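S.K.: Put the complex together from the two separate chains, hints included.
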Amino acid sequence: MAKDTKKAAAKTESKVGQNIAIFWLLILSGLGIVFIPPTMIVIFAGMIPSLVAILLNTERTGGIATMISFNLAGVIPVVGILWERGQTFSEALKILSDVYMWLAMFGGAGLAVFLTWAVPVVVFSAYELQAKANIAKLQKRRAKLIEEWGGQFVADMRDIPKAPQ
Amino acid sequence: MSLAEKMDMPPESVPAGSGGMLEGRFRIDLSRPVDFLQGGVNMAVQAADMQDPSQERFAVVSTPYSSYRRQIAQLMMESRIPGMIDLLARGTVRFSETDVRYVSVFDLPRGGRLFTDSEGAIAENLVLDYVLPPVSAALLTLHRAGLTHRAIRADNLFFADAERSQVIVGEAITTAPGSLQPDVYEPQESASAHPYGRGDGTPADDIYAVGILMLHLLTGRLPGADMSADEIYRGKLGQGTFALLAEDLDLSSRISDVLAGLLHDDPKRRWNVETLINWRDAIKESPRRGRGDRRAFSKILFDGEEYNSPRLLAHEMTKRPKSAVELLQSGRLEKWVRNSLRDEDASKEISHIQSSSAGAPRGQKRNGTTAVTQATRLLDPDGPLWYRNVSFTRGAIGNLMLQAYQLDDTEMKKSIAELFESGLLLTMAVSEIRENKEKRAEWMSESAISNCFDYMKRSRDLGYGLERCLYELNPVTPCLSPLVLGSHVKNVPDFLTIAEKKLVSANGQGNPFDRHAAAFIASKSKGLDKYLKTLSYHAPGSVPHTLVQLKLFAKLQAVAHPAPLPGFAAWAEEMLKPVFAKIRSRLRREVISQRFKEAKKSGNLETILTATDIERQIAADSREYENALATATQADQMAAFLANGTEHRRAAANHYGAWITSVLSVTSLITSMVLSALYFMG
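Going down the list, the sequences are from chains Z and H.
Quick note on full-length UniProt numbering: the first sequence kicks off at 1 and runs consecutively.
Quick note on full-length UniProt numbering: the second sequence kicks off at 1 and runs consecutively.
What the hints contain is simulated information worked out from the structure, not anything from laboratory work.
Keep in mind that the hints are not guaranteed to be accurate.
Across the chosen pairs, the derived CB separations fall in these ranges [to be verified]: (1) H/Arg-595 <-> Z/Lys-140: 26 to 32 Å; (2) H/Asn-627 <-> Z/Gly-17: 51 to 57 Å; (3) H/Gly-423 <-> Z/Gln-152: 45 to 51 Å; (4) H/Val-666 <-> Z/Lys-140: 39 to 45 Å; (5) Z/Ile-27 <-> H/Tyr-679: 24 to 30 Å; (6) H/Leu-675 <-> Z/Ser-97: 22 to 28 Å; (7) H/Ser-622 <-> Z/Lys-140: 21 to 27 Å; (8) H/Ser-622 <-> Z/Ala-143: 56 to 62 Å; (9) H/Tyr-679 <-> Z/Leu-55: 31 to 37 Å; (10) H/His-655 <-> Z/Gly-107: 24 to 30 Å.
Facing chain Z, a subset of chain H residues (Cβ under 10 Å, in silico) [what the hints assert, rightly or not]: (11) Ile-283; (12) Ser-286; (13) Asn-474; (14) Pro-475; (15) Val-476; (16) Arg-586; (17) Ala-628; (18) Ala-635; (19) Met-638; (20) Arg-649; (21) Ala-653; (22) Tyr-656; (23) Ile-660; (24) Thr-667; (25) Ile-670.
Derived DMTMM-like pairs: lysine to aspartate or glutamate, alpha-carbon spacing no greater than 20 Å straight-line [stated by the list, open to error]: (26) Z/Lys-137 <-> H/Glu-446; (27) H/Lys-457 <-> H/Glu-446; (28) H/Lys-582 <-> Z/Asp-159; (29) Z/Lys-140 <-> H/Asp-636; (30) H/Lys-322 <-> H/Asp-303.
Every value quoted in this text rests on a predicted model; they were computed, and no experiment measured them.
We put the beta carbon where it would ideally sit given N, CA and C, even for glycine.
This is chain H alone, in the form it adopts within the complex (with noise of 0.2 Å):
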């Protein structure tokens, strides 16, 4: 949002402990959480329909890490989704002074949850006829609309009415996508991706989920729960989902005949919504197993274990990443995908790598991690990719950002940092998008990943590096500077009324520009380019640092927030008070102090910078310092000569006193000679 942008400012006041409302007609009551429904980090809470209240609402309370979807929430206002929970508002609500959320009003399931684990199995008829239709509903309204839902678990779905009748399934949009999904509920494609890497997905993943979700109410327990995800995911690669879930369960041949078809291993061959709503004539041909991934020809020893699985191949390089360098140079992975998996194109990348990291000095760890993350990137191009600790879904980084951000999680930032810092992300997208079709879907685009490659280049400036990557990747997420975190801050004019609160009731304490402050004041304005790069050319702490940022907050406040700033105004005092201390002159600091003081009453940024006149006033403080050093130090040494100079003044006086005195004595000779001339001769 550019600095021009229309000021949505929030209300001045609102009085304390009073709860908040969201359009002014639902009441937000914190202290009453709803059990049933919360789930992941965000808050479920009862909500008062001021308008109806016959009406149950409860409202879903996002923390300023979370991921909202935008497009299935704007789906969902626009026209009701059949067979889903109804979001009927969203924003964000005051609290307090300061705090302010992002708040999500749904209509309240008053039945409670589908299922729960301690209830047992859900009959098959009960399954096919009172969940699967209201759950294919909802998908085909998504699917149509080119959304996913990727929140489909037996912990989703509800009963909508309180005699427990009809079958809804719950929201997908206050949390990044799959991230609340079970590992055993994900697709080949993003199960080894971090659970908030896994993206928005495809439709074939909701419809995997399905066969997963019938799976669990059929069995009455999570598919899988004996294993863990390593085990899993190995099994489903090894024998296919069904064959591992589902071939040794007690099920009817129907039910047996739609999971086939829902869990199939390939997404291309597994059915769609259509399908799926239509499955009573899809089952009259019995749908073929999926038998998990690809097979090789031959197999190939990695690791003292011998695979012929490449997308398994690939998992396991991800977790063993020396072993998977010396595979990769060893030459033997290049002859292995040439030879036994008939890839002529990835056989030649491998090659191409292969000869890049043997080129690398050793040691070099980043390179060899490049490497492998290529590397399994062509033995499974549909799959997640990976990067040390990392690993995610092509569209999901930003998402991936935001969690490492929540746990402040050293590591990972360093992981995603180094992605984009050393163009292997842009290598991977450039390729894939201008190669491939289907990806550049699955993609970010090209331009913002560019331009996070840019921005890591500056990493260490302020405005730049993984800060900016998070804003420019995540538009919706609000400022996580600690000074504003908890005030879900969207704007540059939040910014600032938020900021200007903390800092009156800090009395100017706190920094309004910090790494999160700057990344996000720099991704939602425009024309700030000039002021963040002449910081990042003085250390902070400078005195043009100091100035720079107080003409920047001062473009700001013309632009954004006209209105007066004391709080900022106090901050600048703060920021000021070592500038003003290396005016060396007592009468010049004083005399700008008292400006400053004047002008501060304003509360206009601009105007203190224009009355202090601060850059002027120090240039001619030196330059005046120079000259009264000069000045000092001649007089000091013209005293010192006039001290020392006694027996100097004490011969020079005799010598004048001599002078004076000839001239007294010449002076007496000729008039005593005149006189005496004239008195006796005349």
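Only chain Z is shown next, with the shape it has when bound in the complex (with noise of 0.2 Å):
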């Protein structure tokens, strides 16, 4: 009961967060608009796998933020390059129709969903390596102690209770 209550409060708590952040995104989007709207194309456009990822809300908070991350870092340059080339509605334009920019900003989105997906199953396969290389010591020295114990050893483990696990 207590338990349920934490993560409640948690949850709310996160929510509260999260709000936070989208007005404060929207107050910089807003003034984005207003101040650097070509900019704000190129950077909406590379953006759409992260709006997929928040409006798909797939409730892990990290794959989203990963992907946003790693789609930021993708749009970044481009963004840089918009910049270089003078802050047009023709440059960011010209920049979309480049299907380059679109992999560059693309890219680190899809880079995102592959390490989201491929760390874990790389970590679980060297847990899983770990955890049969314990296996196997543990049995390895049982089956030693009842070299050394004889076949009543393995009768008096039986009898011992097992402890909970």
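M.R.: Structure below.
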């Protein structure tokens, strides 16, 4: 009961944090649309994967943050190019019509998706290997003890009450 | 004999089948028995005198259960007893590696037996002139030395020479005193005792036997041969011995007078050996005839029959103890003793016994028997002690025990054990030894009985019980353990030597510490009490029990037999097999077994114990086993936890993977920002 209350409290806290972030995001976006509209066009276009991820709401906050980070890491050089060429709508559209620019922006998002999927798999595999190695080690140790102490040892082991796992 | 005593080691090997040599002089030939000298359980065989082959000798080969009358033998060895067969040598003779027997060598009576039933009566003058002088001469020497013969009987008289001119009395040392005497030869005091419980008796018993012997020789038949032992006893008590056996015979007056003097029923009025030697003077005044037991003023009814002889009543009470208990509890016996026997002291004691037995719960048979034992002792204070199925004179319980063991008579052993265990014998002994100086000589020492009482308290323990009493009361009895029986083991070094040979031949199979061996070793050694006590605390077959036995023999070896004992080492191996099996660690077991094998080669039990260090190893093994068990259980639980923890690991991997990707993403964002800034602004 107390656990559930704590979880609910944490959820509420997180939602409040999210709302504050969205609030600031909207403020910054509004200011961006007013003062640097070509840049905002590129950013909005480049951040589509992140927006989709937010809309899908997979409840994996870490995953969304990773997606946003990688996505943004891909968008920032494109925005840099836009700013280098002069921040105009035509340059923005030119950039958006360049497939490599899309590749750079969506590539970051793609990498984020890949890493979000691949890293836990790799870590799990490592964990499994480690567990198997430990089990083998323990079994070897047990076999050695049985060899040392004989058949009665196995019977006596069975008689010992098992501790709760 | 203590452990510290000098070792008396027998020679290592004797060629099988060569016969045995005693003192390097007498060759004992077991295959040539001397028929006319056979009697009892011992065996009489021919013996060759290697120093003087012209002399004829015979040897009596004792069984392990035979009593041996050392004092008479000692006297016979020290000086020749006139009128008695000559004892030339005695000692153990080795017939094979493990066949050792106790042998006594005598001069062979060449003329054979003086009397056989088939030859008929011997003339009066021959009896008086040829038989009586050597018999009385032999008795004179013995009685003056404070000893008795207790084997004066017709078939124990021999002609010393081939010409049959010199009569001698046969030996009396290789059997229990009086054990081979026909019942009629026994006076009233010992007639109702078990043959092996008749005891050394008094010189008067020998004199009585001489009287019966004379009757036997003069009539040519055993006196009272047509009567049962009970009829003879009752007749002797009722009429007196002379009246029963001699009065109706056609005898000369001088013989009648001699017999009256010899067969008087009161030992105090009976002739002594000096009177016997001077019988011609003694019969000048015709001796008074004995008239059996003392008579009470009135009779007492017991089990449908009236009695006025207290001794006869006591005898009948022992035959029907249930009725005897009823008689006691009715109070009639106490009144009869007080009023008719005029014995106030006995009456008071019977009253006390009566009240004690009346207070005992019903069905306690032992209490009733005890009461009858005490009451019969008061009625017949000079007679044998009775208890259940045993009857014996004061100092003869040791011989009786030997007989019980020889016959393996469980009931007899049980009765003797009860006598010691209940304290009844001790109570009677203490009372008689302290109150009656005459009785003191008849009893064995008070301390011996007291010790036996203590041994019986721990009768179930090895080294105690009836077997211990047997060896304490019969100090010359060899060890009767089945392992060494027949090897005349008389001390601990002998025991170790013989047991070693038996164990070697049986490859360690055998028990050198059975009840007999334990009791024998305990009675011959000092300082073993701590081992015996420890043994009693542990169940047979347990590890401590086994180890204590090994330690005990290790000590015995160190003190009494320092040479290697490979047979005992093999026995130790057999004993330690189950102990080794109790060591759970295979590695430790192998190591200890290896150490044992190495130590076994030394044949030294102490080395074996030190090398194997069993006690410490078993303790360490037990401790380590518990630790290993805990470790294995923990490992098992851990393995199970790991095997079932896939989901947990998956969750952890997801969590850790998310963290890694987050770190990577932040790193890549920062890197992108920094590089873009450097590139585009720089």
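S.K.: Indicate, hint by hint, whether the structure satisfies it.
M.R.: Going down the list of hints, with the structure as the test:
In this structure the supplied range 26 to 32 Å holds for H/Arg-595 paired with Z/Lys-140, their Cβ-Cβ distance being about 30 Å. Between H/Asn-627 and Z/Gly-17 the beta carbon distance is about 53 Å. The supplied range of 51 to 57 Å therefore holds. Restraint check, H/Gly-423 to Z/Gln-152: a C-beta distance of roughly 49 Å satisfies the suggested window 45 to 51 Å. For the hinted restraint 39 to 45 Å between H/Val-666 and Z/Lys-140, the CB-CB distance of approximately 42 Å keeps it satisfied.
Judged by the Cβ atoms, the range 24 to 30 Å given for Z/Ile-27 and H/Tyr-679 holds: they are separated by roughly 29 Å. Here the CB-CB span from H/Leu-675 to Z/Ser-97 is close to 25 Å, well matched to the stated 22 to 28 Å. For H/Ser-622 paired with Z/Lys-140, a C-beta distance near 25 Å keeps the hint of 21 to 27 Å intact. Against the hinted window of 56 to 62 Å, the Cβ-Cβ separation of H/Ser-622 and Z/Ala-143 comes to about 22 Å, which falls outside the hint.
A hinted range of 31 to 37 Å holds for the C-beta pair H/Tyr-679 and Z/Leu-55, which are about 33 Å apart. Taken as a hint, the range 24 to 30 Å holds for the pair H/His-655 and Z/Gly-107, whose Cβ atoms sit roughly 27 Å apart. At its closest, the beta carbon of H/Ile-283 sits 91 Å from a beta carbon of chain Z; the interface hint therefore is violated under the 10 Å criterion. Hint status for H/Ser-286: violated, given a least beta-carbon distance of 92 Å to chain Z, over 10 Å.
For H/Asn-474, the suggested interface contact is broken, since its CB lies about 49 Å from the closest CB of chain Z, more than 10 Å. Given hint, H/Pro-475 at the interface with chain Z, is violated; its Cβ is 50 Å from that chain's nearest Cβ, farther than 10 Å. For H/Val-476, the interface hint is violated, since its Cβ never comes within 10 Å of a Cβ in chain Z; the closest pair sits about 52 Å apart. The beta carbon of H/Arg-586 is positioned within 10 Å of a beta carbon in chain Z (closest approach about 6 Å), and the interface hint is therefore held.
With a least beta-carbon distance of about 5 Å to chain Z, the hint placing H/Ala-628 at the interface is held under the 10 Å criterion. Satisfaction of the interface hint for H/Ala-635 is found here, the shortest Cβ-Cβ separation to chain Z being roughly 4 Å, below the 10 Å cut-off. Among the interface hints, the one on H/Met-638 holds; its C-beta lies about 6 Å from the nearest C-beta in chain Z, closer than the 10 Å criterion. Residue-level restraint check for H/Arg-649 holds (minimum Cβ-Cβ distance to chain Z is 4 Å; threshold 10 Å).
The criterion of a C-beta within 10 Å of any C-beta in chain Z is met by H/Ala-653, whose closest approach is roughly 3 Å, and the hint holds. Interface hint at H/Tyr-656: satisfied, since its Cβ lies 5 Å from the closest Cβ of chain Z, which is below the 10 Å cut-off. Below 10 Å, beta-carbon pairs count as interface contacts, and H/Ile-660 has one with chain Z at about 5 Å; its hint therefore holds. The closest approach between the C-beta of H/Thr-667 and any C-beta of chain Z is roughly 9 Å, which is under the 10 Å cut-off, so the hint is satisfied.
For H/Ile-670, the suggested interface contact is upheld, since its CB lies about 8 Å from the closest CB of chain Z, less than 10 Å. Of the pairs offered as hints, the one joining Z/Lys-137 and H/Glu-446 is violated, with about 75 Å between alpha carbons and a cut-off of 20 Å exceeded. Distance check on the hinted pair: H/Lys-457 and H/Glu-446 sit about 17 Å apart at the alpha-carbon level, within 20 Å; holds. Only pairs whose Cα atoms come within 20 Å are accepted, and H/Lys-582 paired with Z/Asp-159 is accepted, the gap being roughly 19 Å.
For the given pair, Z/Lys-140 sits about 11 Å from H/Asp-636 by alpha-carbon distance, which is consistent with the 20 Å threshold. Between H/Lys-322 and H/Asp-303 the CA atoms are separated by roughly 10 Å; this keeps the pair inside 20 Å, and the hint holds.
In this structure, the earlier hints numbered 8, 11, 12, 13, 14, 15, 26 are contradicted, and the remaining ones agree with it.
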